[in-house]
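Q: Chains A and B supply the protein sequences, listed in that same order. If you number the first sequence the way full-length UniProt numbering does, the last residue is 235 and the count never jumps. If you number the second sequence the way full-length UniProt numbering does, the last residue is 269 and the count never jumps.
The hints are simulated quantities; they were obtained by calculation from the structure and are not laboratory data. By construction, the Cβ of each residue, glycine as well, lies at the ideal position given by its N, Cα and C atoms. Possibly wrong hints are sitting among the right ones.
Label pairs and their calculated CB-CB ranges [what the hints assert, rightly or not]:
#	chain 1	residue 1	chain 2	residue 2	range
1	A	204	B	37	48 to 54 Å
2	A	138	B	104	55 to 61 Å
3	B	129	A	63	39 to 45 Å
4	B	208	A	43	21 to 27 Å
5	B	6	A	222	45 to 51 Å
If you want the footprint, here are the derived chain B segments under chain A, 3+ residues with CB under 8 Å [said to hold, decoys possible]:
#	segment
6	5–15
7	18–26
8	194–203
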Amino acid sequence: MSDDHGHGHGHLISFDPTETDHDHHEATPASGRAVRIGIGGPVGSGKTALVAALARSLGERVRLAVVTNDIYTTEDADFLRRNAVLPPERVEAVQTGCCPHTAIRDDITANLDAIETLEERFGDLELVLVESGGDNLTAVFSRGLVDAQIFVVDVAGGDKVPRKGGPGVTTADLLVINKTDLAPLVGANMDVMTGDATRIRGALPVITQSLVEDPAATEVGAWVLEQLACVPARS
Amino acid sequence: MGLTSLVLADARFPGGGHVHSGGVEEAVARGLVQDVETLRGFLLGRLRTAGLVAAAFAAAAARLAARGTDARGTDARGTDARGTDTDAWAAQASPAGAWAAQASVAGAWAAQASRAWGALDAEFDARTPSQAQREASRAQGRGTLRAVRAAWPSPVYDELGPRPHHALLVGAVCGIAGEPPEEAARCVAYLAVSGPASAAVRLLGLDPFAVNAVLIHLEPALDAVVETAVHTAAHTAVTEDLPAPGAPVLDLLAQAHVAHRGRLRLFAS
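Could you put the whole structure together from the sequences, leaning on the hints where they help?
A: In structure tokens form, the structure reads like this:
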């Protein structure tokens with residue numbers, strides 16, 4: 001245990017429980033860090049399942065870690081750990097003080113702390129997935145927190161969701177329409193959903209998927225790898 | 001109040017404060033805070049204990065940061081003056097000797113300031129017996145530091161380390177920005193109750209107008225805390241003698257809050 005915690009003096013007894021977490025990072029390092037991708041969307045749209053699928057399909061090729069913002073704090077993290085998708089030390093959960101959108105948009109401090117903790121723990125991370133707590137259609141990630149973001153909506157939430165728009169649907173770098181296998185069961189019209197989504201998003205990409213039919217989330221995984229390839233341009 | 005202390009006291013300030021409840025989440029879980037009246041008692045107790053400690057240390061930090069900023073400013077002005085022929089500096093018989101003396105004074109001041117910041121940090125630790133509260137204080141300091149470096153750049157933060165206690169950092173920023181210690185003390189004393197009050201609104205669905213009125217009713221108590229904090233920071237020769245009131249139940253609530261990791265927690269503290 002060090003008796004010097006970084007500001008030129010030592011304590012007889014260290015009272016700082018966090019001193020073992022070395023924190024030599026300047027705020028928001030501009031380069032030489034992992035690519036950060038946010039995954040947002042309404043409650044139950046399949047964000048955690050997508051993160052699990054990506055961790056499974058990319059985990060062997062990409063050095064990745066996950067930050068979860070579930071309102072129950074450890075729920076998502078436990079899911080990822082229990083399913084042995086990622087070792088526990090690669091998943092950090094943050095508390096959002098009942099305000100999941102605040103923690104990813106207006107005051108990103110708790111999430112930046114979690115990301116930097118992971119980056120310090122694993123010096124060579126290539127990718128950090130930040131999963132937001134389930135929220136509404138207006139929740140988007142701050143550009144100060146992530147490099148790119150995926151917004152996940154699901155077929156069972158109603159085929160009018162893309163038409164309603166909102167910043168998540170309209171501005172996310174990728175829109176995922178999830179659970180397409182449920183469309184016939186809930187009477188959702190996929191043509192309406194993809195048509196509205198494409199019209200409202202212009203040139204921004206839309207991917208429809210069913211993790212029941214494609215547990216590896218192949219198309220989204222490929223998109224994520226494309227983002228990683230853009231790193232030199234970004235930093 | 002100047003803009004700096006206003007911004008630092010604003011709930012919208014992006015320093016990570018919104019994820020801390022100051023013990024309210026645990027108090028609510030145990031039925032100790034259930035409504036506006038029980039919240040009032042909780043806030044008053046918190047203000048007079050944790051709030052007073054934070055306010056006194058913020059005032060002391062503001063004084064120390066202001067002295068540091070002045071010392072550097074004087075040095076810079078001196079350097080400018082030495083470059084001007086008409087200035088008294090140039091007329092000195094031995095400018096090189098004067099510079100050396102000045103440099104040695106600056107070095108002595110730097111060492112003294114470093115010791116003073118270390119003493120404030122250690123004494124704040126000593127007044128925060130709960131490890132969970134120390135961690136929460138340093139987590140908020142770390143988050144605030146990120147926001148502060150972007151808005152109020154200063155070399156003073158290097159003295160505080162990467163995880164300063166929140167109250168010390170807020171005090172330092174106020175001092176750097178030229179605000180009096182009173183404003184630093186008022187800012188952290190207010191934050192000691194405004195954050196928990198907001199957490200109670202979110203957790204219990206309390207009437208926000210009623211809770212806001214409770215905060216306003218705390219004004220005489222808050223003024224008294226600020227006065228004591230400023231007075232002691234100004235008249236205490238040794239850091240050890242700054243106020244050290246304690247609220248054991250707050251310490252126990254903070255420890256209990258982190259003890260059960262599997263349990264539902266919406267706030268970091």
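Q: Please check whether the segment 5–15 of chain B has three or more residues whose CB lies within less than 8 Å of a CB on chain A.
A: Satisfied; 4 residues make the cut.
Q: Per the hint of 48 to 54 Å, is the separation of the Cβ atoms of residue 204 of chain A and residue 37 of chain B within bounds?
A: Given a distance of about 52 Å, which is inside 48 to 54 Å, the answer is holds.
Q: At the C-beta level, are residue 6 of chain B and residue 222 of chain A separated by a distance inside 45 to 51 Å?
A: Roughly 48 Å apart at Cβ, these two residues keep to the hinted range, so it holds.
Q: Examine the segment 194–203 of chain B: at least three residues should have C-beta closer than 8 Å to a C-beta of chain A.
A: holds (count 3)
Q: Just tell me: holds or violated, for the beta carbon distance of residue 208 of chain B and residue 43 of chain A against 21 to 27 Å?
A: Since residue 208 of chain B and residue 43 of chain A have Cβ atoms about 24 Å apart, the given range 21 to 27 Å holds.
Q: Tell me whether the statement that chain A covers the segment 18–26 of chain B is true, taking a Cβ distance below 8 Å and needing three residues at minimum.
A: holds (count 4)
Q: Regarding residue 129 of chain B and residue 63 of chain A, is the given constraint of 39 to 45 Å on their beta-carbon distance met?
A: 40 Å, holds
Q: Taking 55 to 61 Å as the stated bounds, is the beta-carbon spacing between residue 138 of chain A and residue 104 of chain B within them?
A: 60 Å, holds
In terms of the numbered hints stated before, the structure departs from none.
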